[in-house]
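Chemist: Letter by letter, the chains look like this.
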Amino acid sequence: MTLQLTGSWYLVLAAMIFAIGAVGLMVRRNPLVMFMCVELMLNAVNLTFVTFSRLLDDVGGQAVVFFVLVVAAAEVVVGLAIIVAIMRRRQGANADDVSLMRG
Amino acid sequence: MDAIWLIPALPVAGFLLLVVAGRKLGDPAAGWVATLAVAGSFVVSAAVFLHLLGLPAEERNVTVTLWQWLPAGSFQVSFGLFFDQLSGVMCLFITGIGALIHLYAVGYMKGDPHYSRFFVYLNLFVASMLLLVLGDNLLMTFLGWEGVGACSYLLISFWFTDPANASAGKKAFVTNRIGDLGFMLATFLLFVSLGTVNYTEINAAAPKLAGVTATAVALLFFLAATGKSAQLPLFVWLPDAMAGPTPVSALIHAATMVTSGVFLLTRLSGVMAEAGWANGLIAWVGVLTALVAAGAGVAQNDIKKVLAYSTVSQLGFMFLAVGTQNYVGAIFHMITHAFFKALLFLGAGAVIYSMAHEQDMRRYGNLRKYLPVTFVTMGIGWLAISGIPPFSGFWSKDEVLAGAFNAGPAGPVLWFLGITAAVLTAFYMTRLMIMTFFGGAEHWRTDAAESLPEGGADEDAELSVAGHDTGHGAHSDDAGHDHHHLTPDHTPREAPVTMLLPLVVLAGLAVVGGLMNLPFSHRLENLAIWIEPVLAGEHELPGAAVLWVLAILATAGAVLGVWFSYRVYQQHKVAPEKVEKPVLAHAWYIDETYAKVVGGPGEASFDAVAEFDQKVVDGAVNGVGSGTRWIGRALRPLQPGFVRSYALGVAVGSVLVLAFVVTRMSL
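Residue numbers (the numbering used here), protein chains in the order written: chain A, 1 to 103; chain B, 1 to 667.
In case anyone wonders, no lab produced these hints; they're calculated from the structure. Predicted model only: the values in this text are computed from it and were never measured. The beta-carbon is built from N, C-alpha and C at its ideal position, and this holds for glycine as well. Treat the hints with caution; some may be incorrect.
To be verified - One side of the interface only, derived from the structure: several residues of chain B facing chain A at Cβ under 7 Å:
1. P640
2. G641
3. F642
4. V643
5. L648
6. G649
7. G653
Claimed, not checked - To give an idea of the chain A side of the interface with chain B (calculated C-beta under 7 Å), a few residues:
8. I20
9. A22
10. R102
Isolated chain A, as found in the complex (with noise of 0.2 Å):
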């Protein structure tokens, strides 16, 4: 039997990814490292949108997608704008010594 491309393929590609993603934020501590972590769960989600627009022939998914897109793009802007001051002010960066929001 040939390997058929269905669309559950795609959705669990997404999950895995997302996966990955969410225990990389959760497990490195260099803030660029996380940042990438969070754009792999976006276009996680993403993939997952698109996947569901074809499988449910709806165009709404895929127009979701431009969305998050830009919200990506803001989102990185700012944070590589934080991150950017916090290496001017120290070597290293480690997401662990910015805690001073500590309660």
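Given the coordinates of chain A, work out where chain B should sit on it, guided by the hints.
Modeler: For chain B alone, kept in the frame of chain A given last:
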């Protein structure tokens, strides 16, 4: 006739002018400004009064709404003035007597370092009193009610450097607050049950009140009146109020402010007519006050204290009249009393003035030779208050007592107690006159220590919170006010003409005051014809024959009192100690009992309340604070500051929500 706003506005203007420029005007210009303000107010009152006189009875009122005071939804209270037969009469005698007393004070306060401040207070007092009587609703009256209370406090403790004066002021204020509570509660109750605080509307709607409500309202307003008008059990502040300058005693604590309780109950005669047994209680309290205070007056040696107890006693007569629904009698006696009591106080002030601020009657004697004008005018006041015909006091007191005689089955008892108080009145007033103006010996010439026998009365003078009119500020730098400047070679000299003129005018009024309301035929009852349209409640005077008998008995009683006093103090047939019992000198120990009760169990319970406040009330408040802090501390670990643990939290949370949704959907 919209000009009635000028009646309170003129004293207010005088007050403001004196606040701003009083010091610059100084002595005596400030006094003249104040006098003119009140006199102007009198002229306006008289003009409006004459205008009303020309109108038919049912049109004799003017309402002027100056502005909306409290526009709160459907509850509207206007800053409105209401000039009708009752408030018109009140305005006339407040401003008339007020102007005379201002004039007197111009002379009396001469040389006082706080001369203008005195007239500031005096004008503010007159303005408040006029608002009290002119207000067209209970809140306006309450405004005036509190205003006169504050002015009374300020003026009693006018010479506040003496702690006795300061505490006398506080005593008056605190005692009055007890009564004010009754005023407020009664106002709330009327508003809840009738939805209005306007007098006209209240009196019109009063028959719709439930009997219990009307009784409660009447009793609460009577509580207010016992405070302001010095009735049992709250009269104790008035004798101490004599610490104020004498014009204040005459104006506030004899002629005007203390009558505001009588005015209030008369104004609300519609409610009182529905109040049932409250009226009987008022009559009894009134007559007992008259008796108790007259008894205390017998054994006082301070000339102003005698007059103070006499005022309490006469106010008791007015409440006897109110309680027997004899409002005409109450107002009649209020007016004649204002004439002769203001006269007596001002006369006493003239005596004190001439005797270097000595107030102890035991150091007077034979003053008629030195103070002829004061003697004659005070003599008229004495005859009026004792109830000797044809002086004014006879007519009004007789009307009150005759009304009481006819008031139900208890009437003759009330009448008998009243006539007893009247006999005592004649007795102690004669005693005052003899000790001051007669007696042969000029006691200030002998040494003070010799002439004053040791005894209960002396002790009283030391114990009392406010013994003396402490003299002018010129003397107040002196270490002790009790050391008067009365020396054996002192020659009493008549007071200046500004002080004598009011005495003469008031003496004239005290003579002819009875003409207002002569009982011989209804056509001569001018006051009754004038005022009755605004009164509710019924009372009937006895028939002419009974009236004659009562009048003759009353006159005989007065003569008896005078004669007995003459035997004791002029002929020395009876030792004064037999009459002046210590229990009388101490005013039945009422003050001492209050001091014991409030100082003993009272203070303990206040402490307990304070303890409760600290432990329970404050404890609860502080508990909320510290509880919040404790919870905050417990929750702090949730905010470690590590981004990754927040991310973990978000992830776990999402998983949980997801799990929840999935399981619910699969069910």
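Chemist: Measuring from the C-beta of P640 (chain B) to each C-beta in chain A, is the shortest one below 7 Å?
Modeler: At about 6 Å, which falls below the 7 Å cut-off, the nearest Cβ of chain A leaves the hint on P640 (chain B) intact, so it holds.
Chemist: Would the stated hint for G649 (chain B) survive a check requiring a Cβ distance to chain A of less than 7 Å?
Modeler: violated (10 Å)
Chemist: With chain A as the partner, please determine if G653 (chain B) meets the hint condition of a C-beta pair closer than 7 Å.
Modeler: violated (12 Å)
Chemist: Holds or violated: is there a CB of chain A closer than 7 Å to the CB of G641 (chain B)?
Modeler: Hint holds; G641 (chain B) Cβ to chain A Cβ min 3 Å, cut 7 Å.
Chemist: Using Cβ atoms only, decide whether I20 (chain A) comes closer than 7 Å to chain B, and label the hint accordingly.
Modeler: Nearest chain B Cβ about 13 Å off; hint violated.
Chemist: At a threshold of 7 Å, is the proposed contact between A22 (chain A) and chain B supported by beta-carbon distances?
Modeler: holds (6 Å)
Chemist: Against chain A, run the beta carbon of F642 (chain B) and see if the smallest gap drops under 7 Å.
Modeler: holds (5 Å)
Chemist: Does the nearest C-beta of chain A fall within a distance shorter than 7 Å of the C-beta of L648 (chain B)?
Modeler: Hint on L648 (chain B): holds, closest Cβ of chain A at ~5 Å, below 7 Å.
Chemist: Close enough to count: is the Cβ of V643 (chain B) nearer than 7 Å to one in chain A?
Modeler: holds (5 Å)
Chemist: For the restraint on R102 (chain A), tell me whether the closest CB of chain B is nearer than 7 Å.
Modeler: Since chain B brings a Cβ to about 3 Å from R102 (chain A), closer than 7 Å, the hint holds.
Of the numbered hints listed earlier, those contradicted by the structure are 6, 7 and 8.
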